[in-house]
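Here the protein sequences line up with chains A and B, keeping their order.
Each residue of the first sequence is one higher than the last, beginning at 1 in the working numbering.
Each residue of the second sequence is one higher than the last, beginning at 1 in the working numbering.
Just so you know, not all the hints are guaranteed correct.
[Unchecked claim] Chain A is nowhere near these chain B residues, computed Cβ spacing over 12 Å in every case: (1) F63; (2) T175; (3) D183; (4) P184; (5) T480.
[To be verified] Covered stretches of chain A, going by a simulated chain B footprint (3 or more residues, C-beta under 8 Å): (6) 40-52; (7) 65-75; (8) 127-141.
[Unchecked claim] Chain B is faced by these chain A residues, among others (derived, beta-carbon under 8 Å): (9) T55; (10) E59; (11) T88; (12) G168; (13) G209; (14) T212; (15) Q215; (16) G230; (17) A234; (18) G303; (19) G304.
Just so you know, the hints here were simulated from the structure itself, not pulled from any lab data.
Computed from a prediction, not measured in an experiment: that's the story for all the values here.
The C-beta atom is built at its ideal place from N, Cα and C for all residues, glycine as well.
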Amino acid sequence: MKFKSLAVILAGSAALAVTASALEVDPALPSYKPVSGISGQVKSIGSDSLNNEMTLWAEGFKAIYPNVKIEIEGKGSSTAPPALIEGTAQFGPMSRPMKSKEIEAFEKKYGYKPTPYRVAVDALAVYVHKDNPIKCMSLQQVDAVFSKGRKGGAAKEITTWGDLGMTGEWASKPISLYGRNSASGTYGYFKEVALFDGDYKDTVKEQPGSSTVVQGVASDKFAIGYSGIGYKTADVRAVPLSAKDGSTCYDTSPESAYSGNYPIARFLYIYVNKNPNQPFDPLRGEFVKYSTSKEGQIETIKGGYYPITNDLRNEDLKVLGLDASK
Amino acid sequence: MTTITADDVQQADRDSSQAVTRRNITIPLKARGEPALWALGGALSVGIVMIFGFLLLVFYNGFTTFIAKPVAVVTLKSGELVAGEPTRSELYKLAPDAVKALAPTDAAKIEARGGYEQRTLYRTGNYDLSGYDFKWVDDRNVARAEFPSDVLFVERLEWGAFVGRIKAAAIDGKTVSTPTAKDPALVQAHEAALQRLQAIRNIERNLIGRVNYDLERLRLKVRRAELNYGPTSPEAAAARANEVEASGPLRAQYELLAAEAQRIRQIDQKNTVTLADIAGKEKTLPLSGLVRFYAANDLTLADKIGIYLSRWWEFLSSDPREANTEGGVLPAIFGTVAMTLLMVLMVAPVGVITALYLREYAQQGRLVSVVRISVNNLAGVPSIVYGVFGLGFFAYGLGSSIDEVFFLERLPNPTYGTGGLIWAALTLALLTVPVVIVATEEALSAVPRSMREGSLACGASKWQTIRNIVLPRAMPGIMTGIILAMARGAGEVAPLMLVGVVKLAPTLPIDAYFPYIHLERSFMHLGFHIYDVGFQSRNSEAGKPMVFVTTCLLIGIITVLNLAAIIIRSRLKRRFAGSQF
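This is chain A alone, in the form it adopts within the complex:
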């Protein structure tokens, strides 16, 4: 399970300065040091959740290297692997790890696996309308709300707010479901972790973008939906979640996400095509370094996600054969 590994990895790095109001990056993260002679063109195709992040990194990177051209397309994580395989994109941002089928298809063409690196931490949030008083939900309840099969083990299907224990005007009101379309990595990740690989109900209104889910929930008082924490607005509220019925609920705060207590926190990745026997080309290498540097991770906060730690950066850069200190 991914959230376990996230918990283990992050539990050790307590160096993250998390204040109640605003987030700060790991002070150990090095500042980005520009090098000379970087130019060229790259294209990124992939996750919609990372679309704004990619644009922010591209803007920052272009401010350092004016003649680098970066094009960004974000229509869903599932569009990243084909683009990397076809060579139409050099970066494939994804909000879920690649499936084994996608890795196989890539390997078939190039003879080696695609390499991911982690760029942000996201607490995938379950949103309700701002006036919804619900205090807490367990993953089993989330599963019973969203899925057909209830593989999480809930006894019966949940269709009204009353089924979730709410009283008054809420008790008889049916729950209106919002979700992402199937090309989205958020769709896949939520299905895997919150739905225990079950199938979504047919009544889930599939939305083309992360922000659309939030807008749907904001305009529908009896709605519930899931989307990245980066898209939260003043009109919606993220429900605290617990991993099991009866256990403590944790909110989507950075502390809970880093400690792994929040059950559906996840990493956001960028996949690249890197031949293990050849060095990385400077343009892509510098972009990787920039996006994981202090400056890049400040952009991560700006996009609404939580930054990664220096340990994670070192680990990923080592795999990519890049010198993390420079």
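Fit chain B to the known structure of chain A by using the hints.
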């Protein structure tokens, strides 16, 4: 209308002869005009209300977005301070248990209002300090709300808006503490800072861009030589030697330019401003990081108009910032216009030639009717299907082949083998060609037969007749078809998402580098920009007004394009009005 028959007349005669006037002739409802008139009038007014209602909504929201709004400072009963532009307020019903949990006085007030409570959404900005940029405040929690004249609304290059005060400014090493927004020293320093920013951009984009472009060309020459003659060939060696020789001065030039940019940037770092939010939390940033700042509650009408116009100008003339939610839409305006014009260039000849052949040359038989029906049906195919076709056939099929022949040295990075301006224009041309064909056919058939026969009788050949008699007279009708096609094409978004429109295009399709027009480049489009800002931006609340502004602009551009075509059409009409019998 009733028709009077001979029987009626006889009957009338008989009646009059009996000297009794009976005028109870009942006209059947179907035969009466009034009900139909009312229905038609009703339908028209529904149509007008819908169109004007829509336009009014878009224009009202679009044109009010850039007006400078006042900033309220709200002191909550808990002592907390909230400062921001009041955005909207609403009534909402509190749950009965929630009312019970409140303090008795509050509860009584809410009970008296039937359980409803008023709340207001404030745009507080300061995302970097607080972690949110909009906040709802319930009326019962408000101790007092004020509009102090010294609170500033600051637009920044990064992190969005800031609401608060200027604590201090460092101008060329001198510190000015608590300057007002109109402090001449501050305003002057800000202008200088913006000019410096412009200078840095000019160096980085244009001058360094040129150097990098030349370097890239040298590198590609080497690669082409290696591919054509083999890596060990003398040609490749010569290209490599040439690269080494030519790149030396270029690199020196680059160093020089980079040093100059660095020098200006250092000056820039010395000119800073320290902002403090309403609670006193501080943030220091370079003066050039401020786009605009004003004391929101202390503005004269002239100030407001100035801010309004400068915001419009920024919107129309600059590049987008902060993942498209701020800044301008210049690349998108450019992309939309360029794509639409290119589409017209492609669709007009193809459509007109097809229609000419179908109407004038082809033998009217079953085959031609089948072709005609197929063309008409093409107009009913969903536009996204054209997008898929464009991507598969143009970009991946045609484009990849072009790359393999002409741009081998750039692979694996595709040049034409991916979405681009030309493929988008071609796809839309395909989408709109039925409109042009149908309109042209109608226009051709409306040219009187007598005119053709006159021309033929004078000894002109068929082509001469078409060229000199038929086409000129059909021109206004053909133009109508093209106008319709243009309007349809400019407003289309779905297929474009597949064939070349991107969220952020780094460069315009036209620039100072050979061959000046780069049809293979991805581009930005206003229609997609609307979708992107409205449904993909991090903060949908802040994105909403921009959606309306961009929609206004798109409608405006389509209107201008259509007006241009209509003016051309009316000129053509006038030209031939006199020469007719």
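Review point. Any hints this thing doesn't respect? Which numbers, in order?
Key: Result: no hint breaks.
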